[in-house]
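So the sequences go chain by chain: A and B. When we follow my numbering, the leftmost residue of the first sequence carries the number 18, and every step to the right adds one. When we follow my numbering, the leftmost residue of the second sequence carries the number 36, and every step to the right adds one.
In case anyone wonders, no lab produced these hints; they're calculated from the structure. Every residue, glycine too, gets a C-beta built ideally from N, C-alpha and C. It is possible that some hints are incorrect.
[To be verified] Sample of chain A residues lacking proximity to chain B, with all beta carbon distances greater than 12 angstroms (derived):
| # | residue |
| --- | --- |
| 1 | Asp146 |
| 2 | Ser191 |
| 3 | Gln267 |
| 4 | Glu312 |
| 5 | Gln574 |
| 6 | Asn612 |
| 7 | Arg836 |
[Claimed, not checked] One-sided excerpt, in silico: chain B residues whose CB lies under 8 angstroms from chain A:
| # | residue |
| --- | --- |
| 8 | Asn102 |
| 9 | Leu125 |
| 10 | Ala128 |
| 11 | Phe140 |
| 12 | Val160 |
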Amino acid sequence: MRFLSLAWRNTLRNPRRTGLTIAAVSLGVTALVLAWALLDGGNAQMIENMTDSYTGHMQIHRRGYEDDPSLETVLTAAAVAPALMGSGHVIASTERLENRALISTEQNARGIILAGVDPEHEPGVTRLDRKINEGRYLRLEDTRAIILGQTLAKTLGVTVGGEVAVVTQARFGSVGASLYEVVGLYDTGNEMVDNMQAFITLDEARELFDVNDERTSVVVKLDQRDAVAGVQSTLGRELQDGYEVLSWRQLLPSVAQAVGFHEAVTVVILVFLFGIVTIGVANVVLMSVTERRREFGIMLSLGTTPWQIFRSIVYEGVYIGGIGLAIGVLLGGALVGYFAHYGIHFKDASGIIKAMQAETGVIYPTLRWGTVALMGVVMFFVAMMASLYPAIKTARLAPLDALHGLTAGQAPTNTQREYKSGRFLLLQLALRNIWRQPVRTRLTMAVITLSLGAFIFLSSIAIGYYSQTIENATGTITGDAQVLQAAFKSDMNANLAFAGNPLLDQLSHVPGVQAVSPRVQTQALIGIANRSEPVLLIGISPTLEPQVTFINKAVRQGRYLMEGDSRDIVIGVKLAELLRVGVGEKVVINAQDRNGNLNSEAFVIAGLFDTGSQGHGIDRLVGYITLPSAQHLLALDDDITNLSLRFTQRDDDHVLRVVQQINAHLGDPKLTAMSWQALLPEVVQMRALIKKSLLFVVTIVFVMVAIVVMNTILMSVLERTREFGIMLALGSSPSLVVRLVMLESAAIGLFATALGTMLGVVITLIHVTSGVNMAAHGLTAVPGVTNVIHPQLTVLGVLGPAVILPVVILLAALYPAVRASRLAPIKAMHQV
Amino acid sequence: MPNHKAAATAGATTDTTMAVRVVDLSKIYQQGTIEVTALQHVSLEVAAGEFTALVGPSGSGKTTLLNLIGALDVPTVGERWVGEESLNALSRAQLARLRLHKIGFVFQDYSLLPVLTAIENVEYVLQLQGIASQERRQRANAALLELGLDGCQHRLPTQLSGGQQQRVTIARAMVAEPVLVLADEPTANLDSDTGAALLATMLELNCRKGITFIFSTHDPMVMRHAKRVVRLQDGRIVEDKTS
């Protein structure tokens, strides 16, 4: 108890120094609490929205259904009911019958997942019934009723009371088709559910899909999401091998990956924070110990044991860390409380946040007490670890040496070593001051070096990531720009085709245009006997298209299309995997033609392409046939739906300028030229989000580095107050004192910046060729996103932070420097 | 607050041979809620080339007076001149220049910069004066040799004995050739032989170069050699005796 009290008094001995360190620790903890709560809140919203709108917390399928969803892999609800009844956490369950289908109106058609649901039990598991904006939810007695997402309804040009046709592959390969009346429209905010799904009653689905009591899935809701793992393992044991019990993490891998990514970001911030805390606490304790060396000598000579001194010093570190933690948690908690109520608005990136399955562009942070407790425990150990070095150093002091003010291991005064003097006395003074506390200097330099190195690497990954995404998306889907009827971008309706041939030659002569290629695009359903998938079908000219996009170079199996191919198709490897088809095999395309008729044609797979895209990317969503085949399929004669263009440069200004020139050349007022930025808003939003994220990260890194440097220099200035007094007494001008302190900071900053830059560049160069394998990270809705990112070094990406950081460091050192220069000589000289 | 009007009047009558002049100087320190009067209405003139000892019991105001004369501290009331310069009228930067060019300090606790060697500590003031590196190296070396510190030039203060450190302090105070040296208990931490040697050095510099010395001391040997002894008690001058 005595040493606890002694440590507390010593902590209060220099209130300003202790206060500054506590402020730094509190600031870091506040930032962390807020960042953590923001990510937790975002994650929770994303998970809740996805599980509540469709997947539920868990699903039970017949084994193999998840990998190969088919009406042949089905179960009966009665078989799984006993296991569900026995689980304490299950509060509701419902049965579903799901299948791929093509939904169409006279105006348009889309490939969707059609789900037959039980209107009585479904609302206990999902909240679709509470998301109806127009009309009503399904009823048990409904016949030929369907509900759709508002986005899908808009694409199809249908409203409540309207009629839609559904075509699907029924259980034994037969075609199921029916007309339904739209009774309700919903808006969940979940892009997948709003765009690509529709719901009918279970009885209707049984009839359409030609099944009896079989179901594709039983969807389960638990009383708490965290109980998923336990229930999953219990149900897995109770149900036999013929079933698969899947948690939301398995059902929504992109969401699980996004959660993992967010947690990884938090860990990075956490490491930065604890680095700051370690240095801050170590600095204060080290300095406090150094100035009390004589006191420790007295304590030791009075019989205090080294262990007692060690404990007393560790307590000081824990006090400072503990108080900083408490204040940080309180401040952070207050901020979280405020934003939990009002939300944090991400206006510019709301599209991308929606694409990441969060409901809106507003995130409401949530604070988990488990997180705070974990942080408290880690902070306790960090503070303790930070004071270990000074504690050990002091415990090793010999009493007499300590009384004479010597450090442990320091040579006594009769050492004969001589020091060489140079011409630049001020510089020598600065450099020797830096190395007076080598441990502190190394720690500070390590923080700067590692922060900068990590940031350069991170930013090069980010630059590589969005450059590749843009390259992929424009290189396979859009080109740099397209000429089309404005409504075609959202409707993709064959009605909006136009005579494009006269424009081909005209546009290729516009300055800045490198190549032009005609296209026919439509949404279709691609399938084999027992399964089908939605696909963006693109009809291309095999000779002109390679001048605009590079899909021909991405063909990995089979061959690219040739002029004259009439029944050949090239699809992505992931789509082929889903359909379980390969080169040479037949697929059937269902698409709605210009006259509103549903046409089916068989194609042979000529080749498979692999752009490396992930999730719902190009490799899973796109198929290419020749232009005449597409024109035939959609009854377009010689008309096309769009012209795809390649420009001589892709920078934003050039694209915008050329698009304006093209628009000036177009005679038809219905036609418009749209840049890739307008065609791919998700990519633009992703780029903006990444830039903002980088700015956020760089701000945090620079602020933290500034705190570390300011702390170090301030401590260094405070412990040399007496020396500054001597210098001023001898006639040093205040400006010389400022220059000396700034010189020390500049030396530390420049050396560490050089090391950090080298570290970042070397790590990046190591990964340039091999690339960095990234998981989906929740950006699967962005076209062109690839698995392997090849980091890109840019002059701005390297020199920007390398120039700004030393400036930040010098700014951070300005306060301690000015403070030192304003000391009154005699007061400073009397400072112990 | 200093009385500037009084300063102007007193300054007009200042003798050109006067090294130091203080008029009605008082210093009150605030220690928490308590006011401590360290110096009360002290007036003193020291002519150029004088070798003056300030004596008196601890807390009598000797160090405070030296600090105020040396422009290290600011008086609560009163005026100060070093040569013809009125200190109250000078800015912080001007005071720093005055200390650099006109005053040398010898502190009781040596006050050497711990990361600089003996010769670098002596050189430091020369560098502040903008003297070229070769010349300052020669002058610093000569100053150290004069004080018997041959062989100690490249050692850090922690590698020197107390006497050696004090001699380095003297060398640093002398090397810039000030007109005034202020020394606070210069022999207090030295053994009698080293103290005597140091006193001899100070006397020799006073005689040979005409440098004015004002120093505080408790040492009877030093007092015996002082040409003028000013006794302070409770912050006031109670005796001013010239031998």
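Which earlier hints turn out false for this structure, listed by number in ascending order?
9
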